[in-house]
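Asks: Residue strings, one per chain:
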Amino acid sequence: MSWVGSAVKRVEDPALLQGKGQFVDDIHLPNMVEAAILRSPYAHAKVGAIDASEALALPGVHAVIAHADLPTELQAQIPLLVPNPAIHYPVMQYVLAKDAVRFAGEAIAVVVADDRYIAEDAAERIIVDFDPLPAAGDFRAALEPGAPTAHAERDDNVAAAFSQAYGDVDAAFANAAHVFREELFQHRGAGHPIECRTMLAAHDPVTDTLTIWANTQAPHRLRDVYCRMTGAADNQVRVISPDTGGGFGSKVQAYPEHMAIAAAATQLGRPVKYIEDRREHFLATHQERDQLWDLEIAVDADAKILGVRGKLLHDSGAYLPWGIITPFISASTTPGPYVLPTYKLDVTCIFTNKVATTPVRGAGRPQATFAMERLMDRVARELDLDPAEVRRRNYVPAAAMPYAVGLTFRDGSPVVYDSGDYPACQAKALDLADYDTFRAKQEAARSEGRYIGIGVASYVEGTGLGPFEGATVKVTPGGHVIAQIGASAQGQGHRTMLAQIVADRLGVTPEDVTVTGGNSADLAHGIGTFASRVTANAGSSAHVAASNVREKILKIAANLLEASEEDLDLEGGRVFVKGVPEMGKSFGEIAVVANGMPGFSMPDGISVGLDDTTYFKPERSTYANGCHVAEVEVDIETGNVAILRYVTAHDCGTIINPMMVEGQVAGGVVHGIGNALFEWMRYDEGAQPTTVNFGEYLLPMATEMPTIEQTHIESPTPLNPLGVKGAGEGGTIPAAAVIASAIDDALRPFGVKITQVPVTPEYLLDLIAQRRND
Amino acid sequence: MTDRMTISLTVNGDAVSREVSVRMTLADFLRHELGLTGTHLGCEHGVCGACTILMNGRTARSCLTLAVQADGQSIDTVEGMADGDDLSPLQQAFIDQHGLQCGFCTPGMLATITELLNTNPDPTEHEVREWLSGNACRCTGYQGIVDAALAAAKTLQGKVP
Chain B
1 MSWVGSAVKR VEDPALLQGK GQFVDDIHLP NMVEAAILRS PYAHAKVGAI
51 DASEALALPG VHAVIAHADL PTELQAQIPL LVPNPAIHYP VMQYVLAKDA
101 VRFAGEAIAV VVADDRYIAE DAAERIIVDF DPLPAAGDFR AALEPGAPTA
151 HAERDDNVAA AFSQAYGDVD AAFANAAHVF REELFQHRGA GHPIECRTML
201 AAHDPVTDTL TIWANTQAPH RLRDVYCRMT GAADNQVRVI SPDTGGGFGS
251 KVQAYPEHMA IAAAATQLGR PVKYIEDRRE HFLATHQERD QLWDLEIAVD
301 ADAKILGVRG KLLHDSGAYL PWGIITPFIS ASTTPGPYVL PTYKLDVTCI
351 FTNKVATTPV RGAGRPQATF AMERLMDRVA RELDLDPAEV RRRNYVPAAA
401 MPYAVGLTFR DGSPVVYDSG DYPACQAKAL DLADYDTFRA KQEAARSEGR
451 YIGIGVASYV EGTGLGPFEG ATVKVTPGGH VIAQIGASAQ GQGHRTMLAQ
501 IVADRLGVTP EDVTVTGGNS ADLAHGIGTF ASRVTANAGS SAHVAASNVR
551 EKILKIAANL LEASEEDLDL EGGRVFVKGV PEMGKSFGEI AVVANGMPGF
601 SMPDGISVGL DDTTYFKPER STYANGCHVA EVEVDIETGN VAILRYVTAH
651 DCGTIINPMM VEGQVAGGVV HGIGNALFEW MRYDEGAQPT TVNFGEYLLP
701 MATEMPTIEQ THIESPTPLN PLGVKGAGEG GTIPAAAVIA SAIDDALRPF
751 GVKITQVPVT PEYLLDLIAQ RRND
Chain X
775 MTDRMTISLT VNGDAVSREV SVRMTLADFL RHELGLTGTH LGCEHGVCGA
825 CTILMNGRTA RSCLTLAVQA DGQSIDTVEG MADGDDLSPL QQAFIDQHGL
875 QCGFCTPGML ATITELLNTN PDPTEHEVRE WLSGNACRCT GYQGIVDAAL
925 AAAKTLQGKV P
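Each protein sequence line maps, in turn, to chains B and X.
Residue numbering for the first sequence is 1 to 774, as defined by my numbering.
Residue numbering for the second sequence is 775 to 935, as defined by my numbering.
Don't read these hints as lab results, they were simulated from the structure.
Worth double-checking, as some hints may not be accurate.
Covered stretches of chain B (in silico footprint by chain X; criterion: 3 or more residues with CB under 8 Å from a CB of chain X, positions within the stretch not fixed) [unchecked claim]: (1) 9 to 15; (2) 21 to 27; (3) 304 to 316; (4) 491 to 499.
Distance ranges between label pairs, derived from CB positions [stated by the list, open to error]: (5) B:ASP434 - X:ARG832: 36 to 46 Å; (6) X:LEU838 - B:ASP386: 25 to 35 Å; (7) B:ASP434 - X:ASP845: 42 to 52 Å.
Every residue, glycine too, gets a C-beta built ideally from N, C-alpha and C.
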């Protein structure tokens, strides 16, 4: 049988269910001290003298470290890792604020004490000489002439500007039967994993090595950034990402706090732990936040798309730690599953005095999907067509695969959809959702004064981005099968997924494979867990590495057993002559041969060790797709939106573990519903955050969430040996679009049109009231 | 006013006595003083529910409870749920129904569902969802958790799930 494709129970679960996980805050090192961070109360201010004398006088306080107390090489900005010529002002956050703070929550000083209680007491006693400056708040206002600038030394707030375009879009519009325009404000909140950011740094003076335990999604990158800033060699620094309580993008970046805590540990010669609290997470962990789309669509008389053009404003926040990746992904996701002959989007990225924005689950794609799907719904409404039919008329047909869209993706490769059947995907979703019978149901509900509606939305998602991810597969003389990857997990079930892949190649069970990940010392190189890329990259690497180990086992065994390789089989940790299990060798015995005998030459043609390290390098991104259908009921008196049904048809290529894919989709959808209806990180005009706890910022809870009904299509990609695409973000991407579509449909009697997410009750009641007054 | 106090309580069936700072939370007491790190802190303001434990069989937020308030009480945490290596029916249901991904909210979910099944052995899906309204999960979309609660209810009642 094949383990790949089976709903194998997760190897991660037993420990986590018994409280035996090892999260960073669960690690307690001898002599360890704890840190609190003094953060700016101002959105924009000059920072003058810092008086820490009262803090230092408090018993149990060991150090207060501000900018000037850092080693010279860390008195610097975090490097920009993804430069782009479109960036006007590549400004990054200092490890600790130098002479200015540019968002409320920016780190100013690290206080180290016996425990966190004392450290927080001490932080309150630090006196900072602030000189408040006018702040750039709303990103739209920040573009107005004379608006306060987020960086006092700048004349404007334009962080970057670029266009994504192909074809003669203006000619297409000139000849169109219909042109429709929408202005769409989109807010996306933050990742908000239940575990906030955590880090523990320990310097070993004997070997002059630094170990950082951090719940990072990119351990190698954190190591590399630290090395690049400090000049340390990469064998002097090890980053370990142990069990991690969710990420969703928020833990990808190498943050200033990582560097500051590492510096504190080195300086004090004691392990220093810093555990972010939720308020700090609201203030200082990157979010995705605001975009404004002003978009037009041109269609012919049959509702076939001729072109899309417009402008996108993107709120970058105060710094550009991930360059312009998010708006770039937005701009290259707009065409979606449709034949879009011409396209032009002008993008302006805007500085504001708010924490930086970097990708959150979906990474700019939900916004592009919302924009495009709102246009598709508009076309359907104006031409009085079924929304699903408008989409069918415009899908890229399966026969057109591979399909070159005409754009360049963020990895620099052309956007080429490698496989997929978008019409079939929609058909499966509509079928599961009983789309055809909905109108009768809707009519019956309306006769009872209930407003129910159905929405449909499709998306295409670039996943499995390069450049590479690595895996080592090895068999020890004790017969252990071990797989190591560089990428860290935040709950996705990497260990189970990799164990299934390796088990298939080596004829063992997933329980026989020990998988580790997220330790920068295990593999020389790594990129990280984001962009739904680990299964496609690390999974493929493990597949190839295990295949290479398999070949080696066969080669050595053929020699030992005097049989030909074709006559051998692998099962149960043994290699043996087919049909004669007793004529065989255990993996351990093979490993002993492969590891060599002291003083003897290696056997002919046998390389050293029963192991293989492979870095799979995809040629380009692979494109997953899906179609969602939602049924909602709107209470026109309260503005409440109840989700009655939610259906997904999802295509992520070959499925390794259907149970885990469904878990990813369900979790992703609920994150997307949060964005559609609840989650709003708000700031006032002066850029002061006003939602800094879970009472003010609403997460989707079990009570409001529907059961996610799922169906799947598998269109394997030719771009990796497993045929897999990413599954981590597809659930989120079309959720806001499909909810908006369903609300519009429910409120058709009022002619309501959603042009904003989240759709709050206040917003919805305003729309209904406006239409009633019209 | 003294800032330290000696407390005596029962944790997972074992008697425990410790001198603690009066401002120490019960969560920090369990995690740092007793090394029971299975109880997790997600928001430290009583909303996310990750730190939920059972105090005298009733759920409580260990982030909003002071250690001194647990004096004389009986506390149950995730570490006490399994019988040696044998998982409880609820823990097993979480594996079978894919009720966890990152596992960070899980201990709080287990405590909350334990109280539910003790008070309402055969809940409907709606009742389970209402009961979980004080526990946030960011990974699963709640589906696997709800399914696990329903499956555990059936197992505990001797029905085949």
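Asks: Confirm or reject each hint.
Replies: Evaluated hints:
no.: 1; hint: 9 to 15; result: holds (count 5)
no.: 2; hint: 21 to 27; result: holds (count 4)
no.: 3; hint: 304 to 316; result: violated (count 0)
no.: 4; hint: 491 to 499; result: holds (count 3)
no.: 5; hint: B:ASP434 - X:ARG832: 36 to 46 Å; result: 43 Å, holds
no.: 6; hint: X:LEU838 - B:ASP386: 25 to 35 Å; result: 51 Å, violated
no.: 7; hint: B:ASP434 - X:ASP845: 42 to 52 Å; result: 58 Å, violated
Hint compliance for this structure: hints 3, 6 and 7 are broken, all remaining hints hold.
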